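J.: What follows is each chain in one-letter form.
Protein chains: 2
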Amino acid sequence: MLPRRPLAWLAWAFRGPPGPRGACAPGAAGAWGRRVGPRARRGCCTAPGTPEVQLTQERYPVRRLPFSTVSEQDLAAFERIVPGGVVTDPEALQAPNVDWLRTLRGCSKVLLRPRTSEEVSRILRHCHERNLAVNPQGGNTGMVGGSVPVFDEIILSTALMNRVLSFHSVSGILVCQAGCVLEELSRYVEEQDFIMPLDLGAKGSCHIGGNVATNAGGLRLLRYGSLRGTVLGLEAVLADGTVLDCLTSLRKDNTGYDLKQLFIGSEGTLGVITAVSILCPPKPRAVNVAFLGCPGFTEVLQTFSTCKGMLGEILSAFEFMDAECMQLVGCHLNLASPVQESPFYVLIETSGSNAGHDAEKLGSFLEHSLGSGLVTDGTMATDQRKVKLRDEQEDCPIAGPLEPEVQPPVSGNSAKSCVE
Amino acid sequence: MLPRRPLAWLAWAFRGPPGPRGACAPGAAGAWGRRVGPRARRGCCTAPGTPEVQLTQERYPVRRLPFSTVSEQDLAAFERIVPGGVVTDPEALQAPNVDWLRTLRGCSKVLLRPRTSEEVSRILRHCHERNLAVNPQGGNTGMVGGSVPVFDEIILSTALMNRVLSFHSVSGILVCQAGCVLEELSRYVEEQDFIMPLDLGAKGSCHIGGNVATNAGGLRLLRYGSLRGTVLGLEAVLADGTVLDCLTSLRKDNTGYDLKQLFIGSEGTLGVITAVSILCPPKPRAVNVAFLGCPGFTEVLQTFSTCKGMLGEILSAFEFMDAECMQLVGCHLNLASPVQESPFYVLIETSGSNAGHDAEKLGSFLEHSLGSGLVTDGTMATDQRKVKLRDEQEDCPIAGPLEPEVQPPVSGNSAKSCVE
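So the protein sequences, as listed, match chains A and B.
Those letters in the first sequence? Residues 1 to 420, per UniProt numbering, in order.
Those letters in the second sequence? Residues 1 to 420, per UniProt numbering, in order.
Just chain A, with the same shape it has in the complex (with noise of 0.2 Å):
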């Protein structure tokens, strides 16, 4: 079928929106500036001259369960346990006790930094024995106030694990700690030809255990899959202190129950995860972004299937949000749209070995999709400036701040509109 009109290939440009950029985002949301993106913003919440959060016992109705607060005798034994890893300096601590979206803050008044699981396993054991409550704090980057205190908990923060303990260069298995930031693992498997499964807007900041306690999706979910998938094993301290070693690097494993799979997702619920096996996937030689516009929702399924059988192999991210999510990420993001006004909107990204023939399998899917009307208007990224349609649809959740939990059934990818 021949396209009812050319294809706007057009290079990607950021325009600013018509109207002053003040005026639909004021108060924090305007002290946002373009190039400050997600990854190098998240874990600077607390700039001079921010207003204070309030706490989170003073803004819900929380009641404190009768642990014990922490003793002379207690900050001695944790000084024993991580020498020079005892925080309790109150400007220090001010960050950590507030979550990213500034809306929950807590009073801890420690902060621990060990190093090995053997440190979080004697510190967890002094603490079950003391009835200490223990908050384990990754990049602080989540956004539903996983990673923060609510009252005075222990904040144990696994920034200084952060060792990779092993790499296989066959098999591309990743072994390391917890610590280790989302950024700093991809660039290291990435010299060596592989890349992380996984990919998200807080990459800069956000620990791998994090991660993975939290069951991350972010932006490779389509291609890659889940971390329930990628992540083949795991080790974890239990609040008594007992290690547990499932730090397997099999890709099946069927000696016995597969008790990692209770952690990944357990938001520190069970334990603190202190290691983890990841498997990473071969690094893709050629990245294509295209951006469309469709008139309706119903297209943007019906694009979402005839890309899955036209693009196959090679489709790594479908993501779509509608016209109001534009809207807003244009007014607070001082970004406009590269296509013309729809209903919906739709990015597609494509991953594969060989940049031929996915330019294409990717033409030949955008001409059928304007042909058959699909899409009413597309345009694909080029080179160096593919990273900025992706940076649009990274920040997203600034716009609406809103993340979603759970993902709808009929994309793969966060569909972020939906939920917002």
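Source of the hints: derived by calculation from the structure; they are not laboratory data.
In this text, all values refer to a predicted model and were calculated from it rather than measured experimentally.
Do not rely on the hints blindly, as some may be mistaken.
[What the hints assert, rightly or not] Quick list of the computed label-pair ranges, beta carbon to beta carbon:
#1 B:THR88 <-> A:SER166: 51 to 61 Å
#2 A:GLY363 <-> B:GLN327: 20 to 30 Å
#3 A:ASP193 <-> B:GLY296: 15 to 25 Å
Here a beta-carbon is modelled for each residue, glycine too, at the ideal position from N, C-alpha and C.
Fit chain B to the known structure of chain A by using the hints.
T.: Below, chain B alone, put in the same frame as chain A:
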């Protein structure tokens, strides 16, 4: 790099081994004709004239736990729960009492054939109250004796629980009862341009519930991952009759602990899986198979790395076997290697959406591998004969009847030779 010699682009043809076939395959193995493949064979283990299998309780020092025995009142109760679904005929009970390898035999006197989860629940509740032991059974194709009773356990067959409950043609999510036969499901989803994410030799008899209960890997693990990622939900009935409904069909569901994972691979020890929700990938439009000879294990690993890089997203299987395994296959199954004798053999399968692109990628890879000495001989299957190469690989366990329950980390698929 130029290849040292041209690739043998021969169509694959099965040749008989030089010696008389019976010489190396006496007894049961000798009775296996070439065209009675594992798919047809499984379930035919009690053909007339086959010698009786020794009772498990006589062969091994096992002790019956103090369970009750089935009474007339129990049979009447079962008849009320599953009218017409209570089997007590000794002849009909012969086959379900013996495992596929014919090494184990129970002496169950009752087999129940429920059609719904509710019936399974009522059966188990009754057995729980009466302290009766139960042995769930799917297609009885397992090779580790998990599907047959040890003593006189009641066999709870899923054979009549074979309804497809729903299929979503956009997302490819299939929801079906546990007793659906894998091959029938494959046919069903293939009609709608999808495939099942797993495929294995026993597909003609095995039940999807049994596949999930044993966490079957199979021939598509490398491409589509394990059932831990593709099974989105399941329904199970616990020993006391409680129905556990985790039959979600969301790709990412973080609403609590992922309890279904405990049942995947639990082999019926935690409950009876009665329904599953599974994610089916789109059907590839082109499939190619290549069979290669490798001079050593180091070259096998290097070939794996090279082919992951060069074939990338279209690589759907990489399997290897050693010379001894090939010899056994040749002896027992009247097959000969299509390539010259080598210390190791590698089978590569590609599945993609564009036949031309795939052939080009595979051709480049094969030329490179031959040129660099990683591979000493190779052949690529053509059209209708492709599946025969696959059959040979599927038949490996027949030649040396041990099934790997742990996959070695260097191979993503059923590297049978190294565990047999």
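J.: Please go over all the hints and tell whether each is borne out by the structure.
T.: Evaluated hints:
1. B:THR88 <-> A:SER166: 51 to 61 Å: holds (56 Å)
2. A:GLY363 <-> B:GLN327: 20 to 30 Å: At roughly 49 Å between Cβ atoms, B:GLN327 and A:GLY363 fall outside 20 to 30 Å, so the hint is violated.
3. A:ASP193 <-> B:GLY296: 15 to 25 Å: Because 23 Å falls inside the window, the suggested range holds.
Hint compliance for this structure: hint 2 alone is broken.
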